[in-house]
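Q: When you get a sec, could you build the whole thing from the sequences and use the hints?
With our numbering applied, the sequence shown closes on residue 220, and no number is skipped along the way.
Simulated from the structure, these hints should not be mistaken for laboratory data.
We treat Cβ as the ideally placed atom computed from N, Cα and C, and that holds for glycine.
Just to be clear, a hint being listed does not mean it is correct.
[Unchecked claim] DSSO-like mimics (lysine-lysine), calculated; alpha carbons at most 30 Å apart, straight line:
id	residue 1	residue 2
1	Lys79	Lys67
2	Lys168	Lys62
3	Lys168	Lys190
4	Lys150	Lys129
5	Lys190	Lys79
6	Lys131	Lys104
7	Lys67	Lys190
8	Lys168	Lys67
9	Lys123	Lys67
10	Lys79	Lys146
11	Lys131	Lys67
12	Lys146	Lys158
13	Lys123	Lys146
14	Lys79	Lys131
15	Lys158	Lys168
[Stated by the list, open to error] For each label pair, taking beta carbons as the anchor points, the in silico distance ranges come out as:
id	residue 1	residue 2	range
16	Asn154	Pro208	28 to 34 Å
17	Ser78	Gly193	37 to 43 Å
18	Lys158	Tyr134	31 to 37 Å
19	Lys150	Asp81	20 to 26 Å
20	Asn147	Arg200	35 to 41 Å
21	Lys190	Lys150	36 to 42 Å
22	Gly132	Thr198	34 to 40 Å
23	Asn130	Pro161	27 to 33 Å
24	Asn147	Lys168	18 to 24 Å
25	Glu196	Tyr176	18 to 24 Å
26	Lys168	Asn194	21 to 27 Å
27	Lys168	Thr202	30 to 36 Å
28	Asn153	Glu196	41 to 47 Å
29	Ile155	Leu82	22 to 28 Å
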Amino acid sequence: MKKSETMSKFGNSEFPIKLTNDYNLDYINLYILLYKIANSAILKLRKVNCFNYMVTSKAKLNYSKVADFFLAFANSKGDLLTNLKLQKLVYYAQAWYLANYKTPLFDDDFEAWIHGPVLRKLYTDLKNKGFYLSTPISSDVRIKNVEKDLNNIDPKLFPFLEEVAKVYFPYTAYELEFMTHQEDPWIKARGNLEPTDRCTNIITKPSMCEFYGKRIQN
Numbered sequence: 003m004k005k006s007e008t009m010s011k012f013g014n015s016e017f018p019i020k021l022t023n024d025y026n027l028d029y030i031n032l033y034i035l036l037y038k039i040a041n042s043a044i045l046k047l048r049k050v051n052c053f054n055y056m057v058t059s060k061a062k063l064n065y066s067k068v069a070d071f072f073l074a075f076a077n078s079k080g081d082l083l084t085n086l087k088l089q090k091l092v093y094y095a096q097a098w099y100l101a102n103y104k105t106p107l108f109d110d111d112f113e114a115w116i117h118g119p120v121l122r123k124l125y126t127d128l129k130n131k132g133f134y135l136s137t138p139i140s141s142d143v144r145i146k147n148v149e150k151d152l153n154n155i156d157p158k159l160f161p162f163l164e165e166v167a168k169v170y171f172p173y174t175a176y177e178l179e180f181m182t183h184q185e186d187p188w189i190k191a192r193g194n195l196e197p198t199d200r201c202t203n204i205i206t207k208p209s210m211c212e213f214y215g216k217r218i219q220n
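A: Next up, the structure:
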């Protein structure tokens, strides 16, 4: 099978990420994605014991503020997000925040839907406005306003989300969906269900903390 190659830049280095044309990948190299995050100066990575995971403090944000960040980031790049891609970006923000800080970025839980992790409330919010999974979302939210808002809550939030965006934003919604389909939190939440079976099982925060926390430790 012929493969296409894209180059992803981080700092002064370049890392080749090989993708097949039909997403039937050997597996997108998660280590490359981790390397970018782990070597960012703005992240203070911690080796957390997620086997004994407990949420130790109240979440910093409402999920809508995380979504607003990614919508604003897209606007700043002259791009549009679909409901599907936004879901995956918000998911990875939650995942890496749990892995780094052993506490959730926001309280709501993702469900293990056919197309990967989905935050039902966010999906419903957008669907009610006419934005279905594949529909581009129109939004006038601006990055400067979001940055100011987040800095008023916690100065580390904006740079953290910015790093997540730098890593995951270049990928399409379906590439991000494929990534989540290779990772334990989504797989385990679905259990023995077939790939096309409807599922509303919760992807637990402990499972996310454990899985992505190990990626940091490795």
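Q: Where does the structure disagree with the numbered hints, that is, which hint numbers, in rising order?
A: Failing hints, ascending: 5, 6, 22 and 26.
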